[in-house]
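Work out the full structure, taking the sequences as your base and the hints as a guide.
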Amino acid sequence: SWSVFVAPLTTYFTNELGQTVTAGDILLPFSVFLAFFAVAMPFTGKYIEQYGPRNITIVGGVLTGLGWLLASFATSVPMLYVVYGIIGGIGVGIAYGVPVAVAARWFPDRRGFAVGLTVLGFGFSAFFTANIAGWLIGAYGVMTTFRIFGIAFVILTIVLALPLKFPAAGWTPRGWAAPAPVAGQAVTCEFRRNQMIRSPTFIGLWLCYFIGCLAGLMAISIAKPVGTDIGVEAGLAVMLVGVFAIFNGFGRPVFGAITDRFNPRNAALLSFILIAGASLLLWQFPGELMYIIAFVILWGCLGGWLAIAPASTGFYFGTSDYPRCYGVVFLAYGAGAIAGPQLAGFIKTSTGSYLGVFPYVLALAVIGFVIAWALLKPPQAVSAE
94 SWSVFVAPLT TYFTNELGQT VTAGDILLPF SVFLAFFAVA MPFTGKYIEQ
144 YGPRNITIVG GVLTGLGWLL ASFATSVPML YVVYGIIGGI GVGIAYGVPV
194 AVAARWFPDR RGFAVGLTVL GFGFSAFFTA NIAGWLIGAY GVMTTFRIFG
244 IAFVILTIVL ALPLKFPAAG WTPRGWAAPA PVAGQAVTCE FRRNQMIRSP
294 TFIGLWLCYF IGCLAGLMAI SIAKPVGTDI GVEAGLAVML VGVFAIFNGF
344 GRPVFGAITD RFNPRNAALL SFILIAGASL LLWQFPGELM YIIAFVILWG
394 CLGGWLAIAP ASTGFYFGTS DYPRCYGVVF LAYGAGAIAG PQLAGFIKTS
444 TGSYLGVFPY VLALAVIGFV IAWALLKPPQ AVSAE
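Under this note's numbering, the first residue of the sequence shown is numbered 94, with each subsequent residue one higher.
Worth flagging that the hints you see were computed from the coordinates, not collected in a lab.
By construction, the Cβ of each residue, glycine as well, lies at the ideal position given by its N, Cα and C atoms.
Be careful, since some hints might not be right.
Said to hold, decoys possible - Label-pair distances were calculated between CB atoms; the ranges are:
(1) G111 with I386: 43 to 51 Å
(2) N148 with A232: 29 to 37 Å
(3) G145 with L329: 46 to 54 Å
(4) F439 with Q473: 33 to 41 Å
(5) Q143 with E381: 49 to 57 Å
(6) Q473 with T168: 53 to 61 Å
(7) G214 with P266: 19 to 27 Å
(8) L249 with M332: 40 to 48 Å
(9) R291 with Y233: 49 to 57 Å
(10) D202 with L382: 49 to 57 Å
(11) G227 with N148: 27 to 35 Å
(12) T321 with L121: 22 to 30 Å
(13) I251 with L110: 28 to 36 Å
(14) G263 with I460: 35 to 43 Å
See the structure below:
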């Protein structure tokens, strides 16, 4: 929903404070936010185990709210880097991993679907916050809107954190027993983080997650201008981006369920096949119908990776050290989120067309398919030394 703030902040700094800023300058705090969001997660895992999900969520929510509150007093764009980007990003990074870890522990029988539903909330939140923010900015101004959101985030996070807790050690759902491992499916051995990062399976999962997010974010970051390039009416292109975001949300539980049913490797392979097919269609047959079909698939697959990756972490490496393990895996999302839009912009500048991005997305999907085929296999237990 940061895009809703770009124009009002540009106007505020230019007209109210007399500073020379561009929309590009205002986009940079969001890049800083994404970077610190991703970096905070690996360092949070051990504290979730030590202090419990409820307390860590509250800390994350307070930091997030504090970042937004302080942003309401920003007198320069660099101040936004610090208060919104660093403080707010760290706060979200701390809080984000908690419900994912809790869902993975409570639902080992349907881990992928449970995690997918959990991160569905994260995906759909932008739809609600963007509309609320747009109304508040129109009614009260952009800085007051930051203040309102900051207070709301603190209150809501504290309230929603209260029921969060892990099940007792060794707990399983009634009548369920962990299945015996078979080829291509999850193993039951539990990995610590230092064991996981030495596994070829981890390397494969990290690279697949990175490529899935890089390819997806390269594409979706240019959804509206691609529509304009192929002749989609501007108002329709804006409306379609909102529709695509819905598919991004639904891709999470759908791919989570696919991961449960058909194992992580097959879910990853399906994702890369769909990404490759969508990119090929739009590259070779640009038009309004192909644009809609391709971006529905691309947004859905990007959302899917936000379920495939956390579910795969639990499938392959267990849940005893899950928060720390997934924190490292999640760095792949951060890398893809930062690199994807930048790479798309570079390719557009080099080729002169946004459609020039899609051969590269296709190539990335092929590379991801090969890596998933070769490396996404149940890992062998390794020494903790």
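Quick rundown of the hints versus the structure:
About 47 Å separates the C-beta atoms of G111 and I386, a value consistent with the hinted range of 43 to 51 Å. For the pair N148 and A232, the beta carbons lie near 35 Å from each other, so the given range of 29 to 37 Å is met. The hinted window of 46 to 54 Å between G145 and L329 holds, with their beta carbons roughly 48 Å apart. For F439 paired with Q473, a C-beta distance near 40 Å keeps the hint of 33 to 41 Å intact.
At roughly 53 Å, the beta-carbon separation of Q143 and E381 lies within the given 49 to 57 Å, and the hint holds. Distance hint check for Q473 and T168: the Cβ-Cβ separation is about 56 Å, which falls inside the suggested range of 53 to 61 Å. Restraint check, G214 to P266: a C-beta distance of roughly 22 Å satisfies the suggested window 19 to 27 Å. Separated by about 29 Å at the C-beta atoms, L249 and M332 break the suggested range of 40 to 48 Å.
At about 53 Å, the beta-carbon gap between R291 and Y233 stays in the expected band of 49 to 57 Å. At roughly 40 Å, the beta carbons of D202 and L382 sit outside the given window of 49 to 57 Å. A hinted range of 27 to 35 Å holds for the C-beta pair G227 and N148, which are about 34 Å apart. Roughly 24 Å separates the CB atoms of T321 and L121, a value that falls within the hinted 22 to 30 Å.
Distance hint check for I251 and L110: the Cβ-Cβ separation is about 33 Å, which falls inside the suggested range of 28 to 36 Å. A C-beta distance of roughly 40 Å is found between G263 and I460, which places it inside the suggested range of 35 to 43 Å.
Consistency note: the structure conflicts with the earlier hints numbered 8, 10.
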